[in-house]
Each structure stands twice: as C-alpha cells, then as structure tokens.
Amino acid sequence: MKNFVFFEKTLNISEQYCGVPFVEQISLIHDERERFLNNLWNTKKQNDDNIQKVTRKSDLDTITYFAKKNLSNEKYVHFVFDIASTILDSGELEYSEDLYKSLINDYRIHLDEELYGYVLQKLGIIHLYKNNFQTAQSYYFKSIKVFHRTDNVQGITKLKNDIGALMVEQGLYQEGKVFFEEANKIALSNNLTGINAQSEMNLGNIYYILGMEEDALN
Numbered sequence: 000m001k002n003f004v005f006f007e008k009t010l011n012i013s014e015q016y017c018g019v020p021f022v023e024q025i026s027l028i029h030d031e032r033e034r035f036l037n038n039l040w041n042t043k044k045q046n047d048d049n050i051q052k053v054t055r056k057s058d059l060d061t062i063t064y065f066a067k068k069n070l071s072n073e074k075y076v077h078f079v080f081d082i083a084s085t086i087l088d089s090g091e092l093e094y095s096e097d098l099y100k101s102l103i104n105d106y107r108i109h110l111d112e113e114l115y116g117y118v119l120q121k122l123g124i125i126h127l128y129k130n131n132f133q134t135a136q137s138y139y140f141k142s143i144k145v146f147h148r149t150d151n152v153q154g155i156t157k158l159k160n161d162i163g164a165l166m167v168e169q170g171l172y173q174e175g176k177v178f179f180e181e182a183n184k185i186a187l188s189n190n191l192t193g194i195n196a197q198s199e200m201n202l203g204n205i206y207y208i209l210g211m212e213e214d215a216l217n
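The opening residue of the sequence shown carries number 0 in numbering that gives the first Met the number 0; numbering runs sequentially from there.
Mixed in with the good hints, there may be bad ones.
Unchecked claim - No farther apart than 20 Å at their CA atoms in a straight line, the calculated lysine to aspartate or glutamate pairs in the DMTMM-like style are these:
id	residue 1	residue 2
1	Lys184	Glu174
2	Lys184	Asp150
3	Lys68	Glu14
4	Lys100	Glu113
5	Lys144	Glu180
6	Lys129	Glu96
7	Lys52	Glu93
8	Lys67	Asp111
9	Lys144	Glu181
10	Lys56	Glu73
11	Lys141	Asp105
12	Lys100	Asp111
13	Lys68	Glu113
14	Lys144	Glu93
Bear in mind the hints are in silico, worked out from the structure with no lab data behind them. Source: prediction; values computed, not measured.
Full structure from sequences and hints, please.
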C-alpha cells in the first residue's frame with residue numbers, strides 16, 4: 000500500500016509537468032518491472048521492506064530519467080523540487096535529500112535564487128528530522144541569506160520559525176524565543192496570517208517552557 004501511494008503521488012506531479020502520455024509510459028514500465036521483480040523475489044524470499052525500498056528507488060530513478068528527456072532544464076529543476084517535497088512529506092528522507100542535493104550539485108546554474116533558497120531550507124528540515132542539528136543550522140542560515148537577497152519576507156519568516164524550533168530541539172530555549180518573537184513580529188507587520196498563527200503557537204509553547212505563563216496566555 001505504501002508503494003502504491005508513493006507511486007500515485009509522484010505520477011500526479013509527473014502528469015502536471017509532462018502530460019498524460021508520459022504518465023502512461025511510466026506506468027507501463029512500472030508494471031512490467033514489478034512483475035519481473037515479484038517473480039524474482041518470490042523465488043529468493045526477500046524481506047518485504049527491502050522489496051519496497053528497491054521498488055520506490057526504481058520508480059524515482061525512472062520518473063526523473065524520463066522527465067529529464069521531456070523537460071527543459073528550467074522546468075526540470077522545479078519538477079524535481081516538487082517530487083522531492085512530496086516524498087519528503089511522506090517521510091522519505093534519504094530519497095528526498097538525494098534529489099535536493101542533485102539540484103545543487105548538478106543544476107545550480109538553472110536554479111533561480113528563490114528556488115535555491117527553498118532547496119536549502121528543505122535540506123535543513125531533513126537534517127533537523129535526522130537530529131543533525133549543526134548541519135540543519137548551516138542550511139537554514141544559508142537559506143535565510145538567500146531570502147534576504149531576494150526580499151522574500153514570507154520565506155524569512157518561515158525560516159525564523161524553523162530556526163527557533165531547531166534551537167528549542169537543542170535545549171536553547173532563550174535563543175529559540177528570540178527567533179519566534181522575530182518571526183511573529185514580521186508576520187504581524189506583513190499580515191502573514193498562517194505564519195503568524197504558527198508563530199503565536201510557538202511563542203505560547205516556549206513561554207510555558209520558560210515559566211512565563213502570563214505571556215503565554217496573552
């Protein structure tokens with residue numbers, strides 16, 4: 000079931016970028032490979048988790064390989080970003096990290112500054128999930144520098160929330176509070192409703208942790 004959902008999500012993005020014929024071609028390749036591998040693995044009695052991992056990786060490699068042949072470099076980088084972000088939301092940290100890094104290592108000249116900033120932010124999120132706090136912080140600060148250059152107020156505000164959360168994860172509560180307060184201030188002054196709600200929640204939580212109950216209730 001996990002593989003089916005994973006494949007369906009990547010196909011939906013593929014259709015948006017490459018069209019129905021592309022998706023039909025990928026689906027045929029997927030079905031043919033799955034039949035072959037199932038027959039092979041049934042004889043070798045492979046672990047089901049290993050089978051699913053190999054299948055997901057094969058699907059990703061196939062989709063990105065053929066998409067590269069169908070899309071311009073400028074469209075392809077957005078396609079890969081969307082694929083990586085979708086599978087990251089499904090908890091696929093390693094695959095999504097590989098895709099984000101491929102954008103920086105192989106397609107940097109085709110990334111506009113905004114997209115580059117978001118790629119860095121996503122890599123920071125991945126390393127936060129992995130508890131690689133210093134690496135996450137490095138990516139976050141690189142990302143926020145890009146957003147300052149492009150005057151991306153929304154991106155800056157989200158990153159300040161992200162960095163605040165990173166500080167809290169490390170037990171640096173006062174430092175986290177500073178970033179949450181900065182995010183809240185920017186969100187309020189720019190009417191960023193959704194981000195402001197997140198900032199308010201973060202601030203409430205950190206105030207409680209620091210024993211500032213009256214501030215948490217205001």
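Right, here's what the structure says about each hint:
1. Lys184 x Glu174: 16 Å, holds
2. Lys184 x Asp150: 16 Å, holds
3. Lys68 x Glu14: 15 Å, holds
4. Lys100 x Glu113: OK: Lys100 and Glu113 at ~16 Å, within 20 Å.
5. Lys144 x Glu180: 19 Å, holds
6. Lys129 x Glu96: 11 Å, holds
7. Lys52 x Glu93: 11 Å, holds
8. Lys67 x Asp111: At roughly 18 Å apart (the allowed maximum being 20 Å), Asp111 and Lys67 satisfy the hint.
9. Lys144 x Glu181: The hint holds at about 16 Å.
10. Lys56 x Glu73: 24 Å, violated
11. Lys141 x Asp105: Status holds; Cα separation ~18 Å.
12. Lys100 x Asp111: 15 Å, holds
13. Lys68 x Glu113: 24 Å, violated
14. Lys144 x Glu93: 25 Å, violated
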